[in-house]
Every structure is written in structure tokens, then in C-alpha cells.
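Q: Line by line, the protein sequences are chains E and S. Heads up: the first sequence begins at 99 in the working numbering, then just goes up one per residue. Heads up: the second sequence begins at 2 in the working numbering, then just goes up one per residue.
Because the hints were derived from the structure by calculation, they are not lab data. If a hint is listed, it holds; no wrong ones were tucked in.
When the alpha-carbon atoms are kept at most 30 angstroms apart in a straight line, the in silico DSSO-like pairs for lysine-lysine are as follows:
1. K248(E) <-> K268(E)
2. K207(E) <-> K106(E)
3. K38(S) <-> K268(E)
4. K195(E) <-> K38(S)
5. K261(E) <-> K38(S)
6. K195(E) <-> K207(E)
7. K38(S) <-> K207(E)
8. K259(E) <-> K38(S)
9. K124(E) <-> K38(S)
10. K261(E) <-> K195(E)
11. K261(E) <-> K124(E)
12. K248(E) <-> K201(E)
13. K201(E) <-> K38(S)
14. K224(E) <-> K38(S)
15. K38(S) <-> K106(E)
A short, non-exhaustive set of chain E residues, derived as facing chain S with CB atoms under 8 angstroms:
16. I162
17. F179
18. S186
19. I191
20. L205
Cβ atoms here follow ideal geometry from the backbone N, Cα and C, with glycine treated the same way.
Listed below, chain by chain, are the residues.
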Amino acid sequence: MSIFTFSKNTFEGQLPGEETILVTRKHWIFLVLPLFLIFFLGAMILAFTFWISSFSWYERFSPIWQFILSLIFLILWNLGFWWIMIYSLNTIIITNKRIIENKQLGLFKHIVNELQLKDIQDISVKIIGPFAHLMNYGDIEVQSAGTVAKFFFNQLPWPEKIKNVIMEQKIKES
Amino acid sequence: MIQKILSNILFVIILSIYLWYTFAIVYHLIRFGVGTKPKRMALIFFVGSFILFSATVIFYLKINWQDILIAK
Chain E
99 MSIFTFSKNT FEGQLPGEET ILVTRKHWIF LVLPLFLIFF LGAMILAFTF
149 WISSFSWYER FSPIWQFILS LIFLILWNLG FWWIMIYSLN TIIITNKRII
199 ENKQLGLFKH IVNELQLKDI QDISVKIIGP FAHLMNYGDI EVQSAGTVAK
249 FFFNQLPWPE KIKNVIMEQK IKES
Chain S
2 MIQKILSNIL FVIILSIYLW YTFAIVYHLI RFGVGTKPKR MALIFFVGSF
52 ILFSATVIFY LKINWQDILI AK
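Chain E with its partners taken away, still in its complex shape (with noise of 0.2 angstroms):
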């Protein structure tokens, strides 16, 4: 049961000696608000339930109307844990020695894309808008010596928290 209550934050692929420094996934506020819809969608069918109850006909109805229900349920339960899975499997891994970005775009859709440290040249940080100020949310832009010139993390929570903690790696590192 440890494996619910403590990690060490192992991943795919770690090289020996690699310690993960930070796991960070996108602002919370992109899993919400998926989620916010399907919760929204679940309550009209409540609420569209408990007004057909009213109904002469629903007494009738109502076994196959429960089914029907239950069956709704279940199909919003698992679009909302598709969203959860895909948005916990998103993320961007510091470590020691690279950053690793995993992108999880379906069940069969996984693509890696890492950067050394010591490739670094360049770390910007937008936060661009009103909103992305008040959740403090922003882009970080990377500038790489290696192959791709540029590597683009987005919507990232505290952007420039994120930034120090690579620029301080970046330093031990080097």
C-alpha cells in the first residue's frame, strides 16, 4: 500500500544517479475546468430527473429511466478520469542532470522530449493576461544548444519558481 502514500518520484527511463529534483504538471485550474462541465452536465441530468418524478408516466418509466441514469453515470465518471489521467500524465521532470517533458495525448500518443542542463543557454517566462496573473500560471521558454533550438513548457503553475529551480540545477550541474 506504500505505493499510495510515498514516492520517490521514479520515472521511465531515469539514468543511474538521476535524483528528480521537481514534478510539475500544468495549473490545476485546466484539470477544473473539464471537469467543472461534466460535474455541471451530471447536475442538469438530476435535476431534469427530479422534475420528470413529478410526471404520471414516471412511475412507469422509472426503472429503465434509473438504468438509463446509471448508465450516464458511468460513461461521465470515465470521461472525467480520461481527463485526470491525461493531465497527471503531462508532466515536466527536473532532475539533475536534464528536464524531461512527457506528453500523454491518448491512450496509444506518449512522446518525450528531454533537454540537458548543460544545453541550456536561455530561460524566459510569459504570463501573459489578467487571469494568468491572478492563478499565476505562464508559459517557460528554454533556448537550447542541442538539436531543437527552442523548447516550449506551457501553462505551467509558478513559472518563475520553476525557472530558479532549473537555473540553480543548471549552476550545480556546471
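We have chain E already, so just place chain S on it with the hints.
A: For chain S alone, coordinates are given in the frame of chain E:
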């Protein structure tokens, strides 16, 4: 008879797709999730899916088709 066989085949196909989908989500969250949160989410999803699936089957079995289809 044929209708019953076809409906049973359809039920097995839908059930297989649903079970595979549920397994895929739990597997991805546990196997590829970094940290404890994805593992906890997988547990919540699994328990919730089991409860909702059981409820769906129970409600389906409670339907009296004769009562609904035959006009009174």
C-alpha cells in the same frame, strides 16, 4: 432465439470494450504516473467504476420489460 444470441454477443462486446478501457486507465495511471497522486486517482477510479458498473447491472436487472412494452 437469434435475437437473444445477438443481444448476448453485443453485451459481451460492450463489456469487453468497457473493461479494457477501465484497465487501460488504471494501468496508465499506475505504470506511468509520477508520484503518489496518479496512484491514488487510479484507486478512486477503480472503486468508483466498480460501484457504478454494479449499480448499472442491478438497475438493468430490475427492469420489467413486459410491464414497459405492453400497454396497459
